[in-house]
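Chains A and B are the protein sequences, given in the same order.
The first sequence: position 34 = 34 (the working numbering), numbered continuously.
The second sequence: position 544 = 1544 (the working numbering), numbered continuously.
Some clues are possibly wrong.
[What the hints assert, rightly or not] Computed list of lysine to aspartate or glutamate pairs in EDC-like fashion (alpha-carbon distance at most 16 Å, straight line):
1. A:LYS145 to B:ASP1457
2. B:LYS1529 to B:ASP1498
3. A:LYS145 to B:ASP1498
Since the hints were made in silico from the structure, they are not lab data.
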Amino acid sequence: MIIEKYNTTDDDNFEIGIFGLGYESRSISCFSQVKDRCRMKLALAYNYWCDKADYKINKEEFESNDCRVIEVDENAIRKDLELNLAQIIQEIKGKVFVDISVMTRHRLSELLWFLFENMISESSIIIAYSIADFVEPPTQNYPVKFFGSIIDSFQPLTGRLNLHPIVVIGLGYEKDKALGAIGHLDPENVIFLIPSNEKEQNYKERLDENNKLLFDNYPKSKSLTYDVLKPYSTYFELKSLILRLKKEHRILLIPLGPKILAVISLIIAWEFSPEINVWRVSSEQLEKPLNRKSSGEYIYIKINI
Amino acid sequence: MMNKSAFIYDSYNARVLTYKQLSDTFITNKSFLELAGQNNTVLIGPRGSGKTTLLKMLQIEALSLWEGEKAEEYRSKIKYTGVFVPTDMVWYKQQKKLLETNNNNAQVARYINDLFTLHTFECLLQALIFRTSGARDYRRILLSYEKERELAKVLATQWKLSPDVYTLKSLFASLILKNQEMLSLVTNDIFSDPVRINDNICSFTDISQSLSASIRQINNMISENDGCWCFLFDELELAPTQITSDLIDAMRGSNPNIIYKLSLSPYNENISNSITIRDAMESQDFSIIYLPDSQDIDFAERLCEMVLEKKGLSLGVIEKFENIDYKKEITELAAKDNSFNRYLERKHISIENIENYTDRNKKPEIRKIRWSVLIRNYYFNNNLSLRSIRRPADFYAGFLNICTALEYNPRMLIGTMNKLVQQYKRGKIDFYSQINALQDASNGFNAILNTISVGSDDFYTVQDLIQKISTQIRQKYILGEVFHDEPKGVFFFKKEPDINIARALGDALNTGAIINVTDNKSSEFNISKFVGKKFRVSFIFSPTFKLPLTKLSPIEYDKLIDSKIDSISELDHEKDNNQMELEL
Chain A
1 MIIEKYNTTD DDNFEIGIFG LGYESRSISC FSQVKDRCRM KLALAYNYWC DKADYKINKE
61 EFESNDCRVI EVDENAIRKD LELNLAQIIQ EIKGKVFVDI SVMTRHRLSE LLWFLFENMI
121 SESSIIIAYS IADFVEPPTQ NYPVKFFGSI IDSFQPLTGR LNLHPIVVIG LGYEKDKALG
181 AIGHLDPENV IFLIPSNEKE QNYKERLDEN NKLLFDNYPK SKSLTYDVLK PYSTYFELKS
241 LILRLKKEHR ILLIPLGPKI LAVISLIIAW EFSPEINVWR VSSEQLEKPL NRKSSGEYIY
301 IKINI
Chain B
1001 MMNKSAFIYD SYNARVLTYK QLSDTFITNK SFLELAGQNN TVLIGPRGSG KTTLLKMLQI
1061 EALSLWEGEK AEEYRSKIKY TGVFVPTDMV WYKQQKKLLE TNNNNAQVAR YINDLFTLHT
1121 FECLLQALIF RTSGARDYRR ILLSYEKERE LAKVLATQWK LSPDVYTLKS LFASLILKNQ
1181 EMLSLVTNDI FSDPVRINDN ICSFTDISQS LSASIRQINN MISENDGCWC FLFDELELAP
1241 TQITSDLIDA MRGSNPNIIY KLSLSPYNEN ISNSITIRDA MESQDFSIIY LPDSQDIDFA
1301 ERLCEMVLEK KGLSLGVIEK FENIDYKKEI TELAAKDNSF NRYLERKHIS IENIENYTDR
1361 NKKPEIRKIR WSVLIRNYYF NNNLSLRSIR RPADFYAGFL NICTALEYNP RMLIGTMNKL
1421 VQQYKRGKID FYSQINALQD ASNGFNAILN TISVGSDDFY TVQDLIQKIS TQIRQKYILG
1481 EVFHDEPKGV FFFKKEPDIN IARALGDALN TGAIINVTDN KSSEFNISKF VGKKFRVSFI
1541 FSPTFKLPLT KLSPIEYDKL IDSKIDSISE LDHEKDNNQM ELEL
């Protein structure tokens, strides 16, 4: 697998475009950019929150543009993907466009893992992410309903018990979410990955405020900053960090924060498989749905299989 | 990526510390004295209660580096070689998931047990290599090349290894390779093929038998026939279930060359309840130590002094909450709370005479109601409506209250003291800073509890459970319409709770959010059944939930959390008290 920068001016055509159908208005922002360049179009819809915000408008947009909509059960993603995508993917020798903007971390991880496993060599995946306008973080802490492997079928025993466990955790702006996850696992070592986006200072301010207790409680932990707008650089920086750590540590990645970090973590877990675990922390449908609008800024990363 | 700025103060987790750091910062306590003895011991306590520190200090590596006041005394007293065997939550969750994915297949379980046994061999070999390497003179073994070769050979046979050459270091490398090979097979779909899995299982017998056989060979080769080895299993509840059970059973064994010291969290539904404290007392096989020891105030003081001293401070700088005008508090509450007035009348307590009462005359009763009076007077307006204050009252501050609120948990005490030293100004650490530090500790704890999911319709997480219990205590007994001289809050069960609630309570016990306050912990040392025991919510939540920092009266759990029972009359309250006493 080779990771490359992807230039939007490439004006590529895609064998298939896979999108997320949700209630957020940005659900169709990537779609509108590439819909005419995808030979096949598939939107993975949710089977909950279908009455929220822009869901109906989005669905209409997909359907009226010849995009097949399939409802995917969050508890049986793999099964739904096998059923609807396996045959198509195994025959594709070209580019697959995947818009992760409104996919849950669980969903996008299952989808990417499925593609990694099934796509034939010399094909490639272009991952797109539409950055949302800033919205304030939730004022309450939603109860965590799931804390475990980001992929249902993949949770290896990573490394000897005598290796020191280390958690590399991406921080988001939700209050004390990372602190809860770290505190629960109580690992020997922690490294924080802090997202930065020079165009979005509000996010950074809230992140610092809402992780203050975490920084206070883990003062000796190393913090590393990554640029959300440069996934290619982040991939190499995170990979080199993992290479340095894995000789002496059992590594667990927990990519909270921008979803692009979940994608990068997953790529790295695939490359080092089965040595690295990636976990998610989710409140599932207990979270209040927020209609995030696209900021008009997009980031891409290309994976050559 | 760029490195962010360094942080100001230190956190404390014994697992992170090097031997040197551990031994340099170690402070002995009563529990360590007991633990260090030449007998099997079970160490029980929630996270942060100091189990890991105490066990790690018994390792040969840590003992050899220790330079503290009592170091020499302990070194000469301890006649065994301590072998620390860690495990951790991440590995636990991974192996649990692996078992679930394979429908708890017995072969998979054996495979995981083998991995853990190999891990234990690795720890044993590390201690042996330390002793033979001569890095320090303490308990050094002089082993000839021939003897080492012979020893490596017999251990390799026992451990089913094939090192390139027969040396202890080569054996160690071989152990690591074997472990890695088995791990890689786990993810290589080995479990779908019973033949393949059988070919790769080491089939070690019971872990204690494997260790006995190894120790026999080691002692023989190092010419220490009486040599004693002490296995210090930390967080044993996170080890595979079979391993845990085997080790607990092994504690009743009589191999004079092996001692087990096992640390466990208070609740583990999988551990057999066959061993009771009575067993231990009768057979004198092992002792049980409960942590943290809230009676060991001296230890808490020395621990906190150590943190403060690093910044040139002493305990004296923590502002004391001692000059409270209790008569004024009682007078003010009596002026606005009729139920309190009625209580005073019923008990023939006269406000004018408050200061003249003695221990034989009313003083104990007045002392007993102190927290209720302070809380009600602070949070009630004159019309008995609740004041809208979110910040906890200052009367939760002061060193002893901080220790009580933090349940004398060493890790929390160190963390909080580290925060407080940063707030030192104008010669003191004021109430404001102390309350902030307590709130931070409580918020951090809540964040953890919020990630522990509960499969119950009533509660999503352990945090919900704690919130529900605490809120009910406050609403019914502390800040309800009626003043209670014996507010309830310690809860018990008449029948075993639903499994999801039991697990939630278990997780709460293991994190220290709920405390076992059974008067005589004479049942099984591991709480897997709740009937017959008493519990309370940790005092760490008291400032936030406006609850006393003192033990409350017992009530049945179902009655406590039933929100339909929202207020209790004074008469019912008295009847209730009498009934509870009969039931308990």
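- Query: Within 16 Å, alpha carbon to alpha carbon, are LYS145 of chain A and ASP1457 of chain B?
  - Reply: Holds: LYS145 of chain A and ASP1457 of chain B sit about 12 Å apart, inside 16 Å.
- Item | Agreement of LYS145 of chain A and ASP1498 of chain B with the hint, judged by alpha carbon distance not exceeding 16 Å | Roughly 19 Å between the alpha carbons, so the hint for LYS145 of chain A and ASP1498 of chain B is violated.
- When you check the alpha-carbon spacing of LYS1529 of chain B and ASP1498 of chain B, does it fall within 16 Å? OK: LYS1529 of chain B and ASP1498 of chain B at ~11 Å, within 16 Å.
The structure fails hint 3 only (numbered hints given earlier).
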